[in-house]
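Here are the chains, one letter per residue:
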Amino acid sequence: MSVSEVVQVSVEDLKNIVGEEHAREAKESDAVDGVTPSFVVEPGTVEEASAVMKLAHEKGLRVTPRGSGTKIGWGNPPSEVDLVVSTARLNKILEHAAGDLVARVEAGVKLEDLQKELSGANQMLALDPPEASATVGGIVAANASGPRRLRYGTVRDLLIGITVVLPNGTVAKAGGKVVKNVAGYDLGKLFTGSLGTLGLIVETTWRLHPVAAASRTVVVEVESPAAAGATVQSLMHSTLVPTMIEVNRPGSDGGGTVAVLIEGIGPGVMAQAVSALEITRHHGTPRVLEGREVETFWDDALKSPWDGDGVGLKVNALPAELPNVLELVSDAAGRNGVTSRVTGHAATGVTLVGLSGGDEEGQAATVQELRDIVGSGEGSVVVVQGSPELKRKVDAWGPVGDALTLMRRVKGRFDPGGLMNPGRFVGGI
Amino acid sequence: METATLVEKMQEILGPEGVISEREQLRTYECDGLMSYRVVPRIVVLPETAGQLQRIVQTCHDEGIPFVARGSGTGLSGGALPHEEGVLIALARMREILEVDIPNQRVIVEPGVVNLWVTQEVAPEGYYFAPDPSSQLVCSIGGTVAENSGGAHCLKYGFTTNHVTALEVVLPDGEVVHLGSKAPDTPGYDLVGAFVGSEGTLGIATKVTLRIVRQPETVKTLLAAFPSPDEAGAAVSEIIAGGIIPSAAEIMDSLSIQAAEMAVHAGYPEGTGGILIVELDGPQAEVDHQFDEVVRICEENHATEVRVARDEEERVVLWKGRKAALAAMGRISHDCYLQDSVVPRTALSDVLKKIAALSDEWGLRVANFFHAGDGNLHPLVLYDERIEGESEKAHELAGAIVLACLEYGGSITGEHGVGEDKKHYMPKMFTDDDMNTMQLLRCAFDPHGLANPGKVFPTPRLCGEVPGPYKVHPLQKAGMAEMF
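Quick note, the sequences are listed as chains A and B, same order.
Each residue of the first sequence is one higher than the last, beginning at 1 in the working numbering.
Each residue of the second sequence is one higher than the last, beginning at 1 in the working numbering.
Hints listed in this document are in silico derivations from the structure and should not be mistaken for laboratory results.
Each residue gets a CB set at the ideal place from its N, CA and C atoms; glycine is no exception.
Careful, some of the hints might be misleading.
[Stated by the list, open to error] One side of the interface only, derived from the structure: several residues of chain A facing chain B at Cβ under 10 Å: (1) 145; (2) 166; (3) 397.
[Claimed, not checked] Chain B regions said to be covered by chain A (calculated; three or more residues, Cβ under 8 Å): (4) 147 to 153; (5) 181 to 189; (6) 194 to 206; (7) 343 to 351; (8) 372 to 382; (9) 408 to 417; (10) 440 to 447.
Full structure from sequences and hints, please.
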């Protein structure tokens, strides 16, 4: 679409819907992976969001939904963006039914604010992606997760209801307020991880969990990727119920740590920690952390393996492949003049890789080499942080197999005009 | 297409023994576990391989013939009710366990594999498959996937959708696609999540990759007797509010107890108005501690007796009555009509009172046995179809109960599916916009509405396709154009 057509919409049209203070011309800091939109609008209600989407639809504006913007760089650079629809004002916690362990919240509520509210009832939403300021809507759209996924699963396992605004302004809901519910199609799962390409998420309902009373941390020093793999396997196939099993490999040589967080009641966690020592001592040197070192250890262990301007990869593989993934990463990085740092939710098969140094050629080649091997079997390598230049050399998502045509048909039905986040998702969706 | 030609075509794919077209034989397939709806299909086909299944669906698509997939036929919402013009595809002969991958906690099976076989296969390695509908001895994995089945233990471990990581699916146009992966977080839309629970309306799964779960270190079960289901419900609420998530929490009311006693002599305490079964599993020390808590909470909520199973044998005895409850209803009533509504757990007590009032109003008995932990009621309206008008009355009362549950923020179905039986309740729970949006998904998978048509939604959405038998566009057939 040419600029002249976009100009048919003025910021006044948006202000008419959301009020004077909540629509403006976009600034450079609103850019989505290097693409600067024309306007930013912040609807304050679902009705306003619907009216904004309807206007965008009528005028053919390309829309990027935005929460806190912590994952605005995810996916491929968009082909065009005209309008950023921010959920910043959709920030109400609508209902916390503590007795039912259920909460209903608007999409723009920040996870940290929700957790604070829930902690009053000793409850939590069992999601812990690294970006604490992320909104729940953004977490759903990006399918963001953290180490607790081992025990509690990911968004798809916790989201029980959703309300969305379709690109044409239609407001639709699916699921409900009860955990057990099989009425109708599960649109919550369809929107989970759809990165804003099907519509705007405006409301979510969640299954909650009680906060554990006590915890213990066992850290196993391991000398090699093989030992890390064996440690993780021994824990996975035991009767322990850890909340996290995290692997950490700071450099390209040698070993690292496998850390286990056990949560529950006092006597229970101690007994499990003792079992964990017993189980893992054949593969490394385990010990139970005491006192202050627990917090210091986890602060460090859960740090993202990439920094602000580095490259971040998420390698999704089979958990038993962990030693191979660790070796592959260091080998591929080494060959291409790049330095790697690895952490990961080991028992789930998710490994996070930070690449630093080298140039974009080397980074791209590293990604490609990993994809050739990990992606050729069961698994995938996703670029979650990288410069637009890198993502022009390698697709952020990699190949998705023979389901792509069907995914395009789904996209075509929900967003026939191709207005939602065009180009950011898999296969150019 | 003439039925004789259709039979011939199917025989070419399956051989004569894979096609059923004699009316008397077809009648075996006229209903699923919900026997109040019956339709004789045009023909029944019994594929043995995914390749055969693909060709069957392709043929149906090319000729514009509707098809319905059926596993073991144990569904309780008429989801596998045949279409009178259509082909019923019975998957009972596709029952191979294809791969067991313990290091990665995955099992890959064909759709006709019986639910319990998965657990039996991996039990020696210390694993099991968590979704355990009451019919798990006979129900198929394909059906479990289609209905997103739960079971008594899904309160803690989730439903089928939480335990399926990948699917091979024959789409309604005959195309074969692979959704998800054995590995986590496959890029792209979560079409596995969209497919599980879609009740056979988006295609037919030919391979299912399941997540298996480590057996717990210990399991402890107790049975508590209460004066009424109310106190039992209050106990469950308090247990969960206390931060304990039992692996199961089941309640039976006095009618259910009476029926179960007559059928299996479970030996429940006499004169009991409500029975609660609670099961905890996990690491020993944790379970021991929490179990004491549960006993204390039951006693504080006026339990008249608490029985603790000391071993597996006693555990089976405690469960015996609950597992037999549905089948036992024949002992106290000529006919019964089962619902599957869900209410928020905290509303259980109010809803039970409301059900009792409705029961009085209609003059029909209602038995209740339910998954209390997740608020999934199974109100069972007891009636006698030999008495004129009683069957209609029973269905009206069941409808009133469903509406009462919705008033409390519940759902029309927790685990049985919408199918044929509950589709007219869908508009009570969802708006037209909601249902039309859901059906966008249907249009993407099945634009011609051939897969299990008429189920789930009261009104099918037109997908903007030309009505009538579907003809493949020549360009598309030649692979030169894609249809969106």
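Status of the hints after comparison with the structure:
The beta carbon of residue 145 of chain A is positioned within 10 Å of a beta carbon in chain B (closest approach about 8 Å), and the interface hint is therefore held. Checking residue 166 of chain A against chain B by beta carbon gives a least distance of about 6 Å; that is within 10 Å, so the hint holds. With a cut of 10 Å, the hint placing residue 397 of chain A at the interface with chain B holds, because the nearest CB-to-CB distance is about 4 Å. Counting residues of the segment 147 to 153 of chain B whose C-beta lies closer than 8 Å to any C-beta of chain A gives 3; at least three are required, and the coverage claim holds.
Here's how the segment 181 to 189 of chain B fares: 9 of its residues keep a CB closer than 8 Å to some CB of chain A, so the rule of at least three is met and the hint holds. With 4 residues bearing a CB less than 8 Å from a CB of chain A, the segment 194 to 206 of chain B meets the requirement of three and the coverage assertion stands. Counting residues of the segment 343 to 351 of chain B whose C-beta lies closer than 8 Å to any C-beta of chain A gives 4; at least three are required, and the coverage claim holds. Counting residues of the segment 372 to 382 of chain B whose C-beta sits closer than 8 Å to any C-beta of chain A gives 3, which meets the bar of three, so the coverage hint holds.
Evaluation of the coverage hint for the segment 408 to 417 of chain B: fulfilled, as 9 residues show C-beta separations to chain A shorter than 8 Å, against a requirement of three. A stretch counts as covered by a chain when three or more of its residues have a beta carbon under 8 Å from one of that chain; for the segment 440 to 447 of chain B and chain A the count is 6, and the coverage holds.
The structure is consistent with each of the numbered hints, conforming to all of them.
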